[in-house]
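Asks: Listed below are the residues making up each chain.
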Amino acid sequence: MIDTQLLISGVIFGLSIGSIFFLMAIGLSLCFGLMRIISLDQLLYYSVGAYITYTISVTTGSMWLGALGGLVVAGILSFAVERFIFLRIYERDIAFTMITSFGILIGGVGVIKAIWGLVPRPVPMPIMAQINIMGTEIPVYRLIVVVIAALVYAGIWLFLNRTITGKAIRAGIEDVEHVEGLGINVYRLFTITFIIAGTLSGLSGGLHAPLIMVDPQMGLEVMPFIFMVVIIGGLGSIKGTLISALIVGQVVSIGSLIYAPLAQMAPFAIMLLILLIKPTGLYGSKLLKR
Amino acid sequence: MNIFRWWRGILFAFFLLALIRVFLPLPFSNEIIIFSIYVMGCSFLLGKVGFISFGQPAYLATGAYATAFYLFYFGTNPYIGILIGIAAGIIMSLIVGPLFVRLRSDYFALVNLALAVIIFYMMQKVLAPITQGDNGLWFLTNMKSTPILDITKPKEFYLFAFLVGLAVWAFYKYLNDTLYGACCLASKINEDKVNFLGYSNFRIRLMAFVIANTTTALAGSLYAIYLGFVSPEMTSAHRAADPVVVTILGGVGTLYGPLVGSVAFTGMKDLISNLIGNWELFIGFLLVFIMLAGEKGIWGSLEPRLKKVFSGKRA
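Protein chains in written order, with this note's numbering: chain A, 1 to 290; chain B, 1001 to 1315.
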């Protein structure tokens, strides 16, 4: 039916795009699980990461340095936003924080437009080599992206399960008030989580930059896919995010081999299916009244 | 007289609107009316039912494209086009409603946004042969002039839109006063109690969903007739925030909030884009500022004070 070569490259493509979605979706998922906020501004840190990568790679010639710079700047930016804005609104409604974070996203896009202009910019790919897997030429860079995402997943897992802070965060995801009662400074946990989320989003932006042109609207373009990943996997679950990122990545990639325009909509159909069966996503937490 | 008291607010608001029509350019007035009908749907959903929807453009496009299809391929009567738009809105809401309204509020917002983007892609690429993709459907010349009030002409269209707006506002004010309106509010505040009282949360919300989105679809049809063309851009992701921003700006859940917000928003859009080209920046920061300052919005903060003034005067 489909050429095996195309299929293999499609799978790898799906894995790499899924990895990028995963890195961004972890941020949204963690922030929701612990702080009960929908942090739409993660998309802003993604864009910022990509743009800083562009700027640094244009001036120094190294894309990896750019990605590093991107994630650092994104982390700093997310820290600033958390301290100045989110700290004041944690107690409020979910919808409220969602609107505020959306406002930050839009405002940030405006700032990006002001600094970098409207024209999409290309970012050079660091490794142009291709290796031969089962007869198909696969760009090495995409494999590296997948490896990085796998390392991040392992890192997050270790962090959440083997460090005190991580365990505190996991406890907080279940019940914040009890954690506070134990004497742990939950606001510091919030800040740490938010910075992790922002940094990972910046990393995903930096990694994605060579694969696409960076333009001011890139955050908004990728927004629906991230939402679908997060909804299918369920807010608050890292494992769910990983699985659904892989699913969405494969669907988009293999779907576009079969019938291109439908590929954009296929994740939506899957999301509707999953929501019919489980209204909180595959691994989502129980229905909250909050 | 009781009837006059009921209509007093609406008539006054629309009188002010008519003043705007007299003093400011016509396109501005037309835009305000249609846009505020659009926002009214979102405001009702957010304020009275408690659902935030980032995907109102989806229903706007449903109404607009339904009207456009009719006028482009089948007929020439704009009134029938509007009716078809409304019907499309109802049908669309009934299709996705039963699934969407069961969801938690954050999922609801995201799912609606996804719907808006899906419709965007569908209109732009998948159904491109019949929707002409990004070029949009142009049908201004298709519309036959209608008797009495020729709504293909902007001046007379304004009168028509004005009357439609009056009707929409009367409808929502009426809804406020009914048992159903109270149910919506109750469902937003405490859904367990509503269950204990014997009402079905699901049905209340589904009905509200259909009403709000049909209003949005009506606005879509009006846009289609007014502009004479539709394009996928109206439901792109950038537009998703517009109704939410204006709802908050005007005052969530208030009756006149959408009007105030719409005037402020359209006015600001015009002024700001003349000063700085980059007005998304402004909108974003404005939104954050409003949320931090207290989420009532312009009319939301004014209304209690005005009420005090008016009742103080009488006492």
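Source of the hints: derived by calculation from the structure; they are not laboratory data.
Quick reminder that beta carbons are idealized off the backbone N, C-alpha and C, glycines included.
Worth double-checking, as some hints may not be accurate.
As the list claims (entries may be wrong) - Below, a sample of chain B positions facing chain A; criterion: calculated Cβ distance under 7 Å:
1) Asp1106
2) Val1194
3) Ile1283
4) Met1291
Asks: The structure should be examined with respect to each hint, and the outcome stated for every one.
Replies: For each hint, the structure was consulted:
1. For Asp1106/B, the shortest C-beta to C-beta distance to chain A is roughly 5 Å, which falls under 7 Å, so the interface hint holds.
2. The beta carbon of Val1194/B comes no nearer than 13 Å to any beta carbon in chain A, farther than 7 Å, and the hint placing it at the interface is violated.
3. For Ile1283/B, the suggested interface contact is upheld, since its CB lies about 6 Å from the closest CB of chain A, less than 7 Å.
4. Interface restraint check for Met1291/B: the shortest CB-CB distance to chain A comes to about 4 Å, inside 7 Å, so the restraint holds.
The structure shown violates just one earlier hint, number 2.
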